[in-house]
Amino acid sequence: MPRRTPESFLPLKSHWFHILLCLVDGEQHGYGIRQEVLERTQGKVPLWPATLYGSLKRLIQAGLIEESGERPAAELDDARRRYYKLTHLGRGVLDLESERLKDLVRVLHAKRRQGVRT
Amino acid sequence: MSAWIRGGRWIYRRVARAYPHEFRMTCGDGLDRLGDDMLPIVFREQGAVGVLRMLGDAVIRLPFEHFATWTDTLKEMAMNQDPFEGTWKANPVLSNFDPKYKPEQAFLRFEPTETGYLLVAYGIKDGQAVAERPTAIVADGRKRPVVDLNGRPIPGVPPGAMQYGNRPDRHTLEGGVEVDGKILGGGTYQVSADGKTLTVTTEGMGIKGPFKTTAVFERVMPDPYSPAQA
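Taken in order, these protein sequences are the chains called Y and D. Under the working numbering, the first residue of the first sequence is numbered 1, with each subsequent residue one higher. Under the working numbering, the first residue of the second sequence is numbered 1001, with each subsequent residue one higher.
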């Protein structure tokens, strides 16, 4: 099957963007992703378990994330937890989506400035 | 422990276990574990409403995941099989039929044989069910006399007519009929990379005069003639 280009994923689904954003710093497990998204959005994006794992499954299938083979030491964390990390493609898609959002904000600012002048 | 948490866990675990095997293979026991971890927190923060929302999320997504698994399986089957094999239905919006030969509905069926394909074309024209004579496509680059499936001459076909077939790549078939080196009619059948559409380009001389057609067909899923689907 031909590999999809990063551009073909844009615009990225909101849930996918939040999940990919959580994995920029490193690996994370499902509960950690949910908590980070909840904090970052002040509770406005509650990723319920089925929604979260449905999105994780699709992100894995799309090749944007992958399960990490490494596990933290058993005394530090629950060994049964699965950790996820960004793939090269996922990082590229996240960069492109960030640029797209930045461009939109730039357009908004430009329009506002124009509105103030007139 | 609250009855809401106990009851919620009991229901949640059963719903989580009803998720498709493929889903659980990808996510492991993450769905069960996250539910276990979250239920007490959700109940503390949002009360019974939160528990119900969490259960509702799991219940609502369950049929979607089964449907997604089912469609993934079908896609996989379609990708693994011969790109032409199966039944195709013309999309009238995307097709550009010659007005003289424009059907209301058109179907193509490709069945693999030992030497190539058996092609059956049928449909509805002027309100009547119509079907063309089944054709054997042998795409080995050689020329053969135009005969029916029993090796007998076909009425109306000029003497000395030869049919030919080529397969430049896995997704493309070329074929036609010629007499004394002059092409009477021919065409190209090309399946898209995702295996979902078949574009047929034909040109030649028919009973009602010359024709030129570009038709786009879409794969009929599941295949109505496949024994496995019956």
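Because the hints were derived from the structure by calculation, they are not lab data. Please note that a few of the clues may not be correct.
Incomplete in silico selection of chain D near chain Y, CB under 7 Å [to be verified]:
#1 1025
#2 1054
#3 1057
#4 1097
Every residue, glycine too, gets a C-beta built ideally from N, C-alpha and C.
Cross-check of the supplied hints:
1. Evaluation of the residue 1025 (chain D) hint against chain Y yields a violated restraint, the C-beta minimum of about 9 Å exceeding 7 Å.
2. With a least beta-carbon distance of about 6 Å to chain Y, the hint placing residue 1054 (chain D) at the interface is held under the 7 Å criterion.
3. A distance limit of 7 Å between C-beta atoms decides the matter here; for residue 1057 (chain D) the minimum to chain Y is near 4 Å, and the interface restraint holds.
4. Look at residue 1097 (chain D): its Cβ only gets to about 30 Å from chain Y, farther than 7 Å, so that hint breaks.
Against the hints set out earlier in the document, violations occur for numbers 1 and 4.
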